[in-house]
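2 protein chains.
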Amino acid sequence: MDCMIKSPFWDRYLKLVREQLIPYQWGILTDRIPCETESHAVRNFQIAAGVKEGEFSGFVFQDSDLYKWIEAVGDILQYGRDEDLEQKADEIIGYIVSAQQEDGYLNTYYQLKEPDRKWTNLLECHELYCAGHLIEAAVAYHKGTGKDGLLKAACRLADCVDRTFGPEEGKLHGYPGHQEIELALLKLYDVTGEERYLNLSSYFLEARGNNRFFEEEFERRGRISHWTRGQVDEPNREYNQYPYAYYNQFHIPVRQQKKAVGHAVRAVYMYAAMARMAGCCRDEKLLDTCRELWKNITGTQMYITGSIGSTPSGEAFTRAYDLPNDTNYSETCASVGLIRFAMEMLLNEADSSYADVIEKALYNTVLSGLSLDGRHFFYVNPLEAVPEVCEANPERHHVKTVRQAWYACACCPPNIARTIADLQSLIYSVDGERFYVHQYIGSEREVTLPSGTFRLIQESELPWKGRSVFRFESENPVSGELALRIPQWCVRYSLTMNQHSVTDFSVERGYLVVKREWKDGDVLEWVLEMEPSFCQADQRIFYDAGKAALIRGPLVYCLEEADNGPYLHECRVDVQGKPELYWEETLGGYYGITVPGVRYSGRRQECLYEKAFVEKQAVKLKAVPYFLWNNRGEGEMITWIDIM
Amino acid sequence: MDCMIKSPFWDRYLKLVREQLIPYQWGILTDRIPCETESHAVRNFQIAAGVKEGEFSGFVFQDSDLYKWIEAVGDILQYGRDEDLEQKADEIIGYIVSAQQEDGYLNTYYQLKEPDRKWTNLLECHELYCAGHLIEAAVAYHKGTGKDGLLKAACRLADCVDRTFGPEEGKLHGYPGHQEIELALLKLYDVTGEERYLNLSSYFLEARGNNRFFEEEFERRGRISHWTRGQVDEPNREYNQYPYAYYNQFHIPVRQQKKAVGHAVRAVYMYAAMARMAGCCRDEKLLDTCRELWKNITGTQMYITGSIGSTPSGEAFTRAYDLPNDTNYSETCASVGLIRFAMEMLLNEADSSYADVIEKALYNTVLSGLSLDGRHFFYVNPLEAVPEVCEANPERHHVKTVRQAWYACACCPPNIARTIADLQSLIYSVDGERFYVHQYIGSEREVTLPSGTFRLIQESELPWKGRSVFRFESENPVSGELALRIPQWCVRYSLTMNQHSVTDFSVERGYLVVKREWKDGDVLEWVLEMEPSFCQADQRIFYDAGKAALIRGPLVYCLEEADNGPYLHECRVDVQGKPELYWEETLGGYYGITVPGVRYSGRRQECLYEKAFVEKQAVKLKAVPYFLWNNRGEGEMITWIDIM
Ligand SMILES: [Zn+2]
Ligand SMILES: [Zn+2]
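One line per chain: the protein sequences are F and R, in this order.
Residue numbering for the first sequence follows this note's numbering, starting at 95 and increasing by one per position.
Residue numbering for the second sequence follows this note's numbering, starting at 95 and increasing by one per position.
Check the hints yourself; a few may be wrong.
In this list, chains with the same sequence are indistinguishable; a pair is considered to hold if it fits within one copy or across any two.
Straight-line distance between alpha carbons at most 27 Å, and here's what the computed DSS-like set of lysine-lysine pairs gives [claimed, not checked]:
no.	residue 1	residue 2
1	Lys146	Lys559
2	Lys710	Lys672
3	Lys716	Lys672
4	Lys146	Lys352
5	Lys246	Lys716
6	Lys609	Lys716
7	Lys182	Lys241
8	Lys146	Lys246
9	Lys672	Lys352
10	Lys494	Lys609
11	Lys710	Lys241
12	Lys672	Lys705
13	Lys352	Lys246
14	Lys352	Lys182
15	Lys109	Lys246
16	Lys146	Lys714
17	Lys613	Lys265
18	Lys716	Lys705
19	Lys352	Lys389
Just so you know, these hints were derived from the structure itself, not from any lab.
These numbers were taken from a predicted model, which means no experiment stands behind them.
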C-alpha cells in the first residue's frame, strides 16, 4: 500500500466504514439484518450458482449493490487486511464466480428471470452497468488483497461484453443506458494491460449518440418498458420537460456535449470515463470536451456543497443557475461521481479548481450522506429542509429529513463507503519531477520522483484548523518540486521550511510550487487562514437572492433547529457582523460558529392571515458544519440565510 | 332579470366576457380559431348527430367545454339578449339535442368511440361530470333566454342517469369520479320541481365512499386505465403520497369527511353540492360536515388570494399549513368551486366569513386567471414566479408566467366566464324580512320582503375606494332589515342614512343590521376604511416565515418586475414604513402602492459562489394589485415579501 491515512478526522470515518458501514451492508445484502425491503442480493447469486432454491428478487440492477460492497471492502483492505472480512467477501465472490456462465455472461436478473432476453433492453436494464461495477469491484479487491479470483471473472465478463458489442458487423452497436462500464474497463485495462478493454471502453463512448440504437432496440422489443411492463410511447419512461435522449446523455455524440444534462449520476460517471480516456489516449479534443463540461457543471449547475442534480424529475441536471435549495435532488452518488470526474481531470492537468471541488463535495455532500453511527444515509441532500414541509408537500417529499436505514434502491450507501475507503487516491499525484498535494489530509506515503524516493508524512489539522505539516524522510536528498494546492477559500497562507519563511516559490494554476533538494528531516509548515466568512451566490441563482451562506475553510455551515429553534426562515443574518468560533465536544468534536442576526417572529393566529404584528428580536445564530446536520434528532435546517 | 350589474369596474369584465371571451371560446370550440390543440368539441357533437363525418377527438371530457360555454352564454344573456350570440348557441344546442340517444344518454366520447363501454369507467371517464355540466348549461340557458330545448334534453339525460344509478337492485351503485352532477341535479330540481333529481343527487353523495364501487369497477374492466391504455396497479393513475381514494374523495363516506383532501376542484364542487343539499333538506348534520370542511379549507389550506390546491401532483390539497408560493397549483377552477361552496353556505347561514372568501377569491384568483384582452388565461395561479425558474425547473414548470391562449384541458377559461357572467348571484340574498348585501358591487335589483317590494340601487366604488351608496325606490314604505357585510379587512367603517349618522344598528355574524321602514328616496352611505396594510401568515405556514403581504381592501398586492426590476427576492419591505397610494391610468386604471424597503443586490460573479459583497440600497417598492399581474409583459412577481 503506497498511502496510509493518518488523520484524526478521517480515521473516524475509515473506522466507521470498516466497523459499521461494511458489516452493516453485509448484513443487509445477505438478508441477515431485517429491512423494510429485503435486499436479496447475495441470495440471487446463490440461486444463480445453484446452491440455493428460489427466485430472483430486487431491482434489475440489484447485483450492483453487492459489487459496490466488494469494491469498498477491497478499498478498505488496502490499509490493512482483515481475515473475517476477507472470508465474508471470499464466500460471496465464490457465489459470484459460480454463478457466471460458461461464456462469461453474468447478471442474475437475466439469468434467473429472462434468460432469453439478454442484451435486449440496454436502455433500462443496467446489464452493462452491473458489469462495470463487477469490474471495479474486482480491481479494488485485487488491489486490496492481491487475490485475482474475481478479477479473472471480471475479465471473462469483459471478454463476453467485448464479443457482443462493437462497431464490427454481427455485433450489437449498443451502449449502456446507465454509464459506468466505460470507466471500469479503463481500470481493467490499467491492471491487465489488455488493449481490448481500452478499445471497448472507447467504443462505448464514441458510439453513444452516434446511432439510433436505443430507438431501434425499443422497436425490436415491441416498445415494451421494463418499468411499466406495458407498451409505452417513448423509450424512457419518465423524464419531464426535456427530450428523453437527454436523460441518458445520448442526445448527441459525446464529443459534442458541452452542457451537463439528464440523470446526474450517469452524466458524471461518463464524464469521468471521458476524462480518463482523454488522458490515456492523449486525446486533446476529448479533453477539451471534458473541460467544457466541467466548466458547465461547476460554473452553472453546482451547489455550494459540491452537490449536483437540481431536480428529482429524472434525478437530473436542469439548466444553468437553476439551483433550488428545497426541491433539489443532490444525490450523494452524484457527488461521488463528480469527485471521480474531478480526480481524472486533476490527473490530466493539475489545476486547483478540480481539487477544490473534490474537497467541497467530499467534506460536505459525501459526509452529509452518512450518519455518525455509520448505519443511516441520505440519498438526497437538500440545502434547506423543514420536516413538516417535506412530509406534507409532494414536490418536497423526496427530501428526507432523517437519514434512512437503507433504501430499496441502495446506490448511495456503498458509494459513500468506497469513496471514503479509497480516500488515499484523492490526496496526491506525481507528474514528472513534481509532487502534488491536492488535499490536506493526514497521511504517509512513499514518493518516487525521477531523482529518487522519499517518504512524506503529512500531518493536517483540517478541516478544523488550517495548519498542515509535511515531514520528509529519505536516505538521500531528492531534488524535485512540491506543489501545494492553495484552496479557493483561502485568502492568506504562509509557508515555512524548517522554520524559515519560504519566499522562493511560484504559483501555477492554483498550486504553490517549491523546487528544492529535499533532505531527510525537512519540515514544511503550511498554514491556511481559515476565518469564517459569508458567501454570496451569483445573482442568476434566483433561489439565493438576498441570502448568504456561511463557510469556513472547506466546510459549509448551516443553521439547525437544534441550536436555533424552529421557524428558521424567520431569521436574518448580519453579514457585517463578526462570526465567532466555538468548539463543541459533541458529535466527535466540531467548530460551531455564532453570528449576529435578527428574527422576525411569527405567531399562531386566529386566522391564517392577519394584520402584521411583527416581533423583531436580535439573536445570535448558531451554525454547525453542514455535514453534521441531522445528527441531533429531526429538525429544520437552512444553508442560505436571508441577509438583514 | 332581477339584478343588473352597474359597476364601472365589473362592467369592463362583463363586456370582456360578452365581447371577447365568449366569442373567442366559440371560435375555439368550433375550430374556427386555430389552436395548438384543436378543440373539436362542436364537431364531436356534429358527428354524433350525424351531420358531419369524422371521428371523436379530444379528451374524454371534451363535451364539458362546450357545455360550460353555453352556461356562460346563458348567464350573460340574463343582462340582455343578443340575437347573434343566441343564434350561435341555438345552432350548437341543435347538434347536442340531435346527438342525444333515444334513451336520453349523451356523451360523444362514448357514443363515437366506445359505444359498448358506457358507464364502465366512472372513476376516470367523466360521463357523469359531463352530464352535470350539460344540466348546468341547460338551467343557465333557460334562465337567460326562457328557451327550454336544452333543458328538456338535460331532463332526458338526468332521467337516463336516474334509471341507471341508485341504491335499488339492478341499478349501478356507482357515483362520479369527478363530482359535478350533484350540484347540477339540485339546480335542475329547483327549476323543474322534480324530486327524483333531488333524490338522485342525494344518492350520489351518500353512496360515495360507502361501498367499494370503484375497486369493483376497476376489476370488472380488467384493471385497464383509460389514461395509460394498459393495466395498472391501482384505480387512479397518479397521485403521489396519499392513498388513491383520497384523490376523488371516496376514502370515507362524505358525511365523515372533515378535512379537504385530493383534487381541489372535485372537492369543492362536491362540498358545494353538500352545502346546497343540507339547505334543501334542512339537514343539520350535513351542514355541520360542511362547516368543518369550510373551516379546514379557509383555516388551514387557503392562500391569501383565496386560491386552493397546494400541489400539481393530483392538482390537490396537501395538508394543513402546506402553502408553498412557488410550486402551488391554485387552479382558477378551484377558486370558482370555492366561491360556489361559499355561496351555498352563505345561503344556508349568513356569516360574513363566507362572503369574505368569495370576495377574496373573486378579486384575486378569478380575475387573475384572465388577461385584460379576455383571450389569455392562467390555469395555475402562483403566489410568486420567476420566468427563468419556471422554465428551467421541473417542480415549477407547471407554473406559467404568461397567460396562455388556450389549454388542451380547457376547464378554467369557461369557468372564469360563467363566474363573472353570473356575478349577480353572489351579491345579495333575502332571508325572511332581512335583505343581505354580501358584496359591494354596483347593481340594481328589485327586493321583495314580506312587507313589500322596493328597488335597491347600489353604487359602489370598490375595489378602488371604500364608499358605497344605497338608494331605495319604492311606492310604499317597506319595513325590514338591511344587513351590510363588514369585510374582514375593514377596521373602521361609517354608515349614514340620509346624511345622518346611523347609530341604531346591531352586528350579527359579521353583518351590520339596520331595521327600519324603508322609504322611497332613502339614501344610505356606507364607507369602509381601506388603508393599505401588511398581512402576516400564521407561523405554521413555513413558506411565509419572515414575510409580509400587502393588501388594501379586498385586493392582494404584488411586486412585479415591470415596476421594480428583476431579482425581486433581493427586496425587503419595511412593514413599519408608510405605504402610499398612487393612481395609475394604464391597465384600465388602478391604485398602486409604494412602500419603503431595501434591496440587497447580488451581481454576476466569476464563480458561482464568492465572498459576500452585498450592496444594500434603500428602495421604494412599487406594488400592484395581484389580479393585474402579467399584463405588462413577462416578468417576475412576488406576493409575500421578506420583511426588513
Ligand atoms: Zn445514489
Ligand atoms: Zn381549471
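The hints, checked one at a time:
1. Taking the shortest alpha-carbon separations for Lys146 and Lys559, neither the intra-copy value of 54 Å nor the inter-copy value of 82 Å comes in at or below 27 Å.
2. In this homomeric assembly, Lys710 and Lys672 come within 27 Å of each other (Cα to Cα) both inside a single copy, at 20 Å, and across copies, at 18 Å.
3. With identical chains, the CA atoms of Lys716 and Lys672 are at most 27 Å apart within one copy only, with a shortest distance of 12 Å there and 34 Å across copies.
4. For the identical chains of this complex, Lys146 and Lys352 are neighbours neither inside a copy (49 Å) nor across copies (53 Å), given an alpha-carbon limit of 27 Å.
5. In the homo-oligomer, the alpha carbons of Lys246 and Lys716 never lie at most 27 Å apart, since the shortest distance is 54 Å inside one protomer and 72 Å across protomers.
6. Taking the shortest Cα distances, Lys609 and Lys716 never come within 27 Å of each other, neither inside one copy (44 Å) nor across copies (61 Å).
7. Only within a single protomer do Lys182 and Lys241 lie at most 27 Å apart by alpha-carbon distance; the minimum there is 14 Å, versus 85 Å between protomers.
8. Only within a single protomer do Lys146 and Lys246 lie at most 27 Å apart by alpha-carbon distance; the minimum there is 24 Å, versus 72 Å between protomers.
9. When the C-alpha separation of Lys672 and Lys352 is checked against a cutoff of 27 Å, the pair qualifies neither within a copy, at 41 Å, nor between copies, at 51 Å.
10. Within a single copy, Lys494 and Lys609 get their C-alpha atoms no closer than 50 Å, and across copies no closer than 60 Å, so neither meets the 27 Å cut-off.
11. For a Cα distance limit of 27 Å, the shortest separation of Lys710 from Lys241 qualifies neither inside one copy, at 66 Å, nor across copies, at 63 Å.
12. Taking identical chains as interchangeable, the C-alpha atoms of Lys672 and Lys705 lie at most 27 Å apart only when they sit on different chains, with a minimum of 14 Å there against 34 Å within one chain.
13. Proximity of Lys352 and Lys246 under a CA criterion of 27 Å is satisfied in neither setting, with 37 Å inside one chain copy and 65 Å between copies.
14. When the C-alpha separation of Lys352 and Lys182 is checked against a cutoff of 27 Å, the pair qualifies neither within a copy, at 44 Å, nor between copies, at 55 Å.
15. Proximity of Lys109 to Lys246 under the C-alpha cut-off of 27 Å is found in neither arrangement, the shortest distances being 30 Å within a copy and 81 Å between copies.
16. When the C-alpha separation of Lys146 and Lys714 is checked against a cutoff of 27 Å, the pair qualifies neither within a copy, at 61 Å, nor between copies, at 75 Å.
17. Proximity of Lys613 to Lys265 under the C-alpha cut-off of 27 Å is found in neither arrangement, the shortest distances being 58 Å within a copy and 98 Å between copies.
18. Within a single copy, Lys716 and Lys705 get their C-alpha atoms only as close as 31 Å, which misses the 27 Å cut-off; across copies the closest is 20 Å, which meets it.
19. In this assembly of identical chains, the alpha carbons of Lys352 and Lys389 lie at most 27 Å apart only when taken from the same copy (9 Å versus 53 Å across copies).
The structure fails to meet hints 1, 4, 5, 6, 9, 10, 11, 13, 14, 15, 16, 17 from the earlier list, while all remaining hints are met.
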